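Student: Take a look at the letters that make up each chain.
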Amino acid sequence: MMTCDSSRAMTSRIRPLLIVGLLALAPLAQAQAQTLVEPVGYIMKVQGEATVTSRDQTIDASIGQAVILGAVLRTGADGAMGVTLSDNTVMSFGPNSEFTLDEYAFEPAREELRLSGHISRGTLNFISGVIAKLKPEAVELKTPTGTIGVRGTHFLVKVVQ
Amino acid sequence: MLLRYSVALLCLVLLSGCVTGNYVVLLESPDGTTGAVVIDDAKGQTRLDQAHQGVTIGGASAARPFNVGQLRIAHDFSAALAAQPALPQRFQLYFKIGSAELTEESERAVEQVFEAIRLRGPSAVSVIGHTDTLSGPYWNEQLGLIRAQAVADMLRNRAIEVIDLRVSSHGERNLLIDTPDGVSEPRNRRVEISVR
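If you read the sequences in order, they're chains V and S.
Using the numbering used here, the letters of the first sequence correspond one by one to residues 1 to 161.
Using the numbering used here, the letters of the second sequence correspond one by one to residues 1 to 196.
No lab work stands behind these hints, which were simulated from the structure alone.
It should be emphasised that the depicted structure is a prediction, and the values quoted were computed from it without experimental measurement.
Using N, Cα and C, we set each Cβ at its ideal position, and we do this for glycine too.
Don't take each hint at face value.
Unchecked claim - Covered stretches of chain V (chain S as the covering partner; in silico rule of three or more C-beta atoms under 8 Å from a C-beta of chain S):
#: 1; region: 76-84
#: 2; region: 99-107
#: 3; region: 141-154
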C-alpha cells in the first residue's frame with residue numbers, strides 16, 4: 001500500500017519535467033530513423049598495412065572507421081585488423097588476409113538475422129555475437145574450398161591460397 | 001626425399017600436425033564454454049565441438065578432425081589473435097520508480113561503469129532504456145527513452161570518447177524479470193549500456 005502511494009506521488013511530481021524532455025527528443029528520434037546506410041560495425045584495431053574497400057573506394061583502415069555491408073577488408077604482409085559488428089560479433093585478421101562482408105541483418109524484433117562473409121586468403125579469428133545466439137543457422141563463413149557454419153562459438157580459420 | 005621426410009618430421013614435432021591446406025580450429029569461447037562449427041566441403045560435412053579440434057577444408061582425403069596444439073595456433077594465428085578487439089561488455093543501471101533518477105545503489109556504481117567504459121578506449125555504445133509494466137506501454141516507451149537519454153548525458157558530461165552513441169527505448173517490451181502488466185519491479189527499471 002505504501003509503495004503504491006509513494007509511487008503515485010513520485011510520478012505526478014516528475015511527469016511535467018519528463019514531458020518537456022520528450023518534446024526535445026522527438027526530432028532526434030526521427031533523424032535516427034531516416035539514416036539509410038547504417039554502419040554494421042567498426043574497425044577497432046589496426047596494425048601495419050590494412051585497408052577497407054566500400055563502394056569501389058579503398059582507404060587505409062583506421063580505428064573507429066565504419067564498416068558497411070559489402071565492405072572488403074584487406075591486410076598487407078605486416079598488417080592486422082580487428083572489427084566489431086553491431087551484434088557483438090568480433091573478427092580479427094592476420095597478415096595477407098582478404099575478407100568480404102556479403103550479408104548482414106540484425107533486426108531481432110523483425111526476426112531479420114543474417115551474417116555471411118567470405119575469406120579468400122589469410123587468417124581470421126572469429127567470436128560470434130547475438131545473431132549466432134538467436135539463429136545459429138543464419139551465420140555462415142565461406143572459404144574457397146568449403147563453408148563454415150557457425151553454431152555460436154570462437155574459431156580460427158586459415159586460407160592459404 | 002630425405003629432406004622432405006625431415007621437414008615432415010619437424011612439422012610433426014614442432015607443430016603437432018602440419019596442415020598444408022585451408023583449415024579451421026575451434027577454440028574455447030570467452031565465457032568458458034565451447035560451441036561448435038560445421039564444415040561443408042566437397043567431401044561432405046564435418047562437425048567440430050571440442051576445443052583445439054581442427055579440420056582441413058576441402059582437403060584431398062576425407063576430412064578427419066585432428067588436435068591443433070598451442071604452438072601451431074601461435075605459429076599461424078598470433079597476429080590475428082593479437083588484433084582481436086576488446087570483447088563487448090554490458091552494464092545495467094537501475095532507476096527509481098517512475099523517474100529518470102538512479103537508485104542509490106546505481107548512483108554509487110555509476111562512476112565505476114563509466115571508468116570501465118573509458119578504459120576500453122573509444123567504443124561503439126548503445127544506451128537502451130527499459131521500464132517495468134506499471135504504467136501504460138506508450139508512457140513507458142517515453143520513460144525508457146528519457147532514462148536512456150539521462151545516461152547518455154552522463155556519458156557526454158564525462159567527456160568519454162565514443163565511436164558511436166545510440167540512444168533508444170524498449171519501454172516495457174524487454175523485461176529483465178518477466179511480470180504481468182501493471183507490476184512494479186525495480187529490476188525492470190533500468191538502462192542497459194552495451195559497449196562494443
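Student: Would you mind marking each hint as holding or not holding in the structure?
Tutor: Hint-by-hint comparison with the structure:
1. 76-84: holds (count 5)
2. 99-107: violated (count 0)
3. 141-154: The restraint on the region 141-154 of chain V holds, since 12 of its residues have a Cβ under 8 Å from chain S and three suffice.
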